[in-house]
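Chemist: Spelled out, the chains give:
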Amino acid sequence: MSSNSFAYNEQSGGGEATELGQEATSTISPSGAFGLFSSDLKKNEDLKQMLESNKDSAKLDAMKRIVGMIAKGKNASELFPAVVKNVASKNIEIKKLVYVYLVRYAEEQQDLALLSISTFQRALKDPNQLIRASALRVLSSIRVPIIVPIMMLAIKEAAADLSPYVRKNAAHAIQKLYSLDPEQKEMLIEVIEKLLKDKSILVAGSVVMAFEEVCPDRIDLIHKNYRKLCNLLVDVEEWGQVVIIHMLTRYARTQFVSPWREDDGLEDNEKSFYDSDDEQKEKTDKRKKPYTMDPDHRLLIRNTKPLLQSRNAAVVMAVAQLYWHISPKSEAGIISKSLVRLLRSNREVQYIVLQNIATMSIQRKGMFEPYLKSFYVRSTDPTMIKTLKLEILTNLANEANISTLLREFQTYVKSQDKQFAAATIQTIGRCATNISEVTDTCLSGLVCLLSNRDEIVVAESVVVIKKLLQMQPAQHGEIIKHMAKLLDSITVPVARASILWLIGENCERVPKIAPDVLRKMAKSFTSEDDLVKLQILNLGAKLYLTNSKQTKLLTQYILNLGKYDQNYDIRDRTRFIRQLIVPNEKSGALSKYAKKIFLAQKPAPLLESPFKDRDHFQLGTLSHTLNAKAAGYLELSNWPEVAPDPSVRNVEVIDLAKEWTPAGKAKNENPTKKFYSESEEEEDSSDSSSDSGSESGSESGEEDEEGDSSEDSSEDSSSEPESESGHQSDTENRRAAKRNSKTKGKGDSKDGKKENEKSKTSDSSNAESSSVEESSSDSESESESESESESRKVTKEKEKKAKQDRNRLATDASLLDLDDFNPVSTPVALPTPALSPSLIADLEGLNLSTSSSVISVSTPVFVPMKTHVLLHRMSGKGLAAHYSFPRQPCIFGDKMVSVQITLNNTTDKKIENIHIREKKLPIGMQMHVFNPIESLEPEGSITVSMGIDFCDSTQTASFQLCTKDDCFSVNIQPPVGELLLPVAMSEKDFKKEQEFHG
Amino acid sequence: MIHSLFLINSSGDIFLEKHWKSVVSRSVCDYFFEAQERATEAENVPPVIPTPHHYLLSVYRHKIFFVAVIQTEVPPLFVIEFLHRVVDTFQDYFGVCSEPVIKDNVVVVYEVLEEMLDNGFPLATESNILKELIKPPTILRTVVNTITGSTNVGDQLPTGQLSVVPWRRTGVKYTNNEAYFDVVEEIDAIIDKSGSTITAEIQGVIDACVKLTGMPDLTLSFMNPRLLDDVSFHPCVRFKRWESERILSFIPPDGNFRLLSYHVSAQNLVAIPVYVKHNISFRDSTSLGRFEITVGPKQTMGKTIEGVIVTSQMPKGVLNMSLSPSQGTHTFDPVTKMLSWDVGKINPQKLPSLKGTVSLQAGASRPDENPTINLQFKIQQLAISGLNPPLFAKEDWP
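Note that the protein sequences, when read in sequence, are chains P and U. Residue numbers for the first sequence, in the working numbering: 14 to 1011. Residue numbers for the second sequence, in the working numbering: 176 to 573.
To be clear, the hints were calculated from the coordinates, so they are not data collected in a lab. As the structure is a prediction and not an experimental result, all values here were calculated from the model. The beta carbon of each residue, even a glycine, is placed where N, CA and C say it ideally should be. Among the hints, a few may not be true.
Stated by the list, open to error - Calculated pairs, DSS-like style, for lysine-lysine (alpha carbon to alpha carbon, straight line, at most 27 angstroms):
1) U:193 to P:98
2) U:193 to P:87
3) P:108 to U:193
As the list claims (entries may be wrong) - Stretch by stretch, here's where chain P covers chain U in the computed footprint (C-beta under 8 angstroms, at least three residues):
4) 187-200
5) 497-511
6) 529-535
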């Protein structure tokens, strides 16, 4: 390293002087060395004096001049002792400049650099987080191996720092230490593991970077943090986003099964769309194992989508490659628009993006076809951009657009940029071979170009025509004759060689011209290019074999010339040909086959895209751009046949509670909440973290209490249900609701918003029902970034708080929609959150300790009479069905929600055998059907009850309601509120919980 | 990631170097110079150059090459985008980004670069944050600094970086609270010689200058947001809100910034507001050619067309041109064969034209293609895409 750093001391005598300087420092007698700086002596002496003066301004001036020297690449290392003294300066600017100097030269002057270490060690304990951070930054940037243990210690401490900013710097320091001393890898991995659990958006990008650098193969460290990273992604700073997306792409390729199937188009939601259709359904059933995407896989794809609108081209490209590599093929289409937008960016960005598009357009033409015109070449484009655009245009060419493209190409051929014109001709050739309909048109067009005045154009045309003719040699004698004439005028060697080869190949079709051409060539043989000479030899040989009468002598003359040529290749070829074609005693059996050898049918060359073989590199990487493996390139693995256990990504509640308490609650509970907060909150939260930590033990005890009690005390009536745990199931539901609402489209969510507002204004009398409405509408307009882990967190708070919380969650994604979600202070639309049955089951798992029961499930105070249409009488051929939620514990199972269905017969005939069939439920959902009804009298009505386990989600339960003659597809989608169970708890307990959950 | 940065001027001198990791010898730039020689033109230098031990990624702006040296695999756009950000920051700091300015402010440049990257990974790239860390030099500050001995470096370290609004500095105060939004649309079209449009697309940006106290939270809505189907945002804009409601909701950075840029694709028909009549012919027999172009307005909705500049790259065979414009000034560079005509405003009553003769090299054959004409123009107060300016800007801040 150090020899490297000395190499560029281009200043007079610099190199030599440094060495001496170093020698001098090692003996700590710098003054001796300075004598050698005859030219720099005065200046440096002067700087030294300034540095030693008492005045800050003089020091500052000196430091500025020194930094100027560093910037210009001049050597300033001999000032090290003088500079390092100022490391503890009070003046911040001097300090900073000293840091700059230190980082630059410490490696060369290790002994002296050690003098500064104690200053940093002191600063690492500073109460100001920014000073701690900058001390760590400089300390880790000094590349002195002796201090590795000190760095290790500092990093470990900083990784546990309360300030996320310091932790971020610790993540950076990990990479520095690793490059200084790879032996520390194991210890560093421990720190990385710890930092990966960090929930601050500041840290996420940096630690993933460290992960990629130090231990990219330890994919197991990611499992538990996968969902968190996905959810944080939108808010991470742009550079971190790029790194995280690239890492997650690799992760996804190892953990999920391939979404690329033949029947790719059918996605989950589309399947449910087809459910109504009987036949379709049967088909789906027949398919052995329909592909269902892992929800985590879906989460990643969904959460990266908004980043396509980032202003940062690197982020857009990263998302594009993620979609390309891991999303179902039907969904990758959305990236093309964003990539095309990047083409309006700087030339360098264009270059990289076009390269990637070129690779993509080979495999999936359809993606970029609508944007064909965006790839039209502009006269102001640099040549490299032009050729890339041409490449893409060629890839996109098909029968439909080729005529437009050819017209465009005609203009390009006339371009003054001859290199580009030549590339265009090549392109035309490729189009001609790929699309057989236009081969003839292209060929005639190219022949026209043969009379072009520009030689490069003509030469290129000749080469391309040669390739084209080789593919369909039969009927083009005329063109060959025309080209033979060109030999007189054209001088470009490649073109001449091509013509000669072509005549040789077709010598039997142009029997009169070929010998004449050979004659001319024989005359000019000595002055030709090597390439042409070889082809003359070939032509001679071929003619000798087919028309030896006319050309025997000529060929022998040429062979003689070739024998004494300066180029050994030509001499070699001459000997070879002579042995093969001229019969003599020595020649063996081979010469019999000479004709077959020379005039064999040659396969036509394949005109392929130069980007064809790039697809094995991950898109957007340096390796892809260079088409060569760059150092440190990480191969993208193939999809696994069977997905590894997805449960490794589950984050357990207990783990979570323990983890997040010490790190500060506000931030961890909900990172985006910080959006509102000033930086002080950071400090606050970390202050309070200690006591909340002490509580966590007893807290978890209470949680299970709550679970126990809520289970049995369903009849216990109490005034107001107060449990925030409803809020959890709520979030889960919301997540599921989103999946559903996707099919509904965007308009839905807008409606939901309006509804939401309406319900706020509605008066308290219908408070209950409106709150139900609201929560469901919430779930639709909901953003997509709640985390699964969050939904598992058990929190209990007062209603109002719960409401607020929900608002906060709502803002989670859209950051700060306060104007829409102002916390409602009036008790108008109080939701009635409750524990849903399955949540109780969850809570049961939390049994850790025992303490008194504090929570009891209460009966609903109000049951709305609202019914929902299940089957309209018009579509049910007279059978009408309505359903409602009676809000009673379900008798069929404690996880189920009871649903009442009222059936009406509006016909004048009896309806017989009403029953349920063909349940088509999402995974995990269960349904307890009612017993078949034998008959229903005209104008009669009957109410039956059934139980559905919605899995705490608002997923639709679809099934068929059948009568004797008909079957009707119906579905039930529960509003979120109906999935909750009201519970009551004392104020004290509530407060405890509130404290715990912040 | 990024090891080192070299700044190279057009004559091939390395005038600034900065290393974030171990020092990389500047001899690595020799590979770059080789590539530069091969490329003949500056803009044809490949942005990515592999060398035996390093990779050189470069951007070319303001006649300066910014060459980043990297050693391992990294998304090339990551580096390129960062280099552009560096240039933007310099421009923001010094007004212009040129060699003399960088040389004059080398200390500030160095301090800024130090803050932007840590160990080659971007640390602070938001100009709001950077300006808090290192104050940009102004004449006043320079004077004050010399008298009082104070410095450019902020003594208060910025708090913004620690918050979740990393793009905005805290504690902003203005006596006059104001916010300006500027919609700039560029139309980019290729027109064939008969005057029909081959392709046209519109690239628009909304630049903002926001000077508001505290932490304002703004929303902005458009009359016809449907036009904006392909948008990219400043990180401050909330994606979800836009997705669901087509409303821009954001806490703005302080000062100037680009709020969003949009792209209206070629599918929508675009009316080009200008036309060019041309009559350029070369004759084989003589070494003279005729040259005449006229520029006129078309569908401008009553707005004046300003700042018209016509440039055209003449074929190599052209020796000289003797032209007379009806208005404006023109130049012809016999070396690069570049004709440029600064027209100025177009007066619809008296259309500007440029007439004259072209003298060709004696003996050279007639150029087989007419030159391409590039036309630049500006129209104030007109959005070609039909995007109506923001309907209202509601501001909520304490």
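Chemist: Taking the earlier hints as the rules, which of them does this structure contradict?
Modeler: 5 and 6
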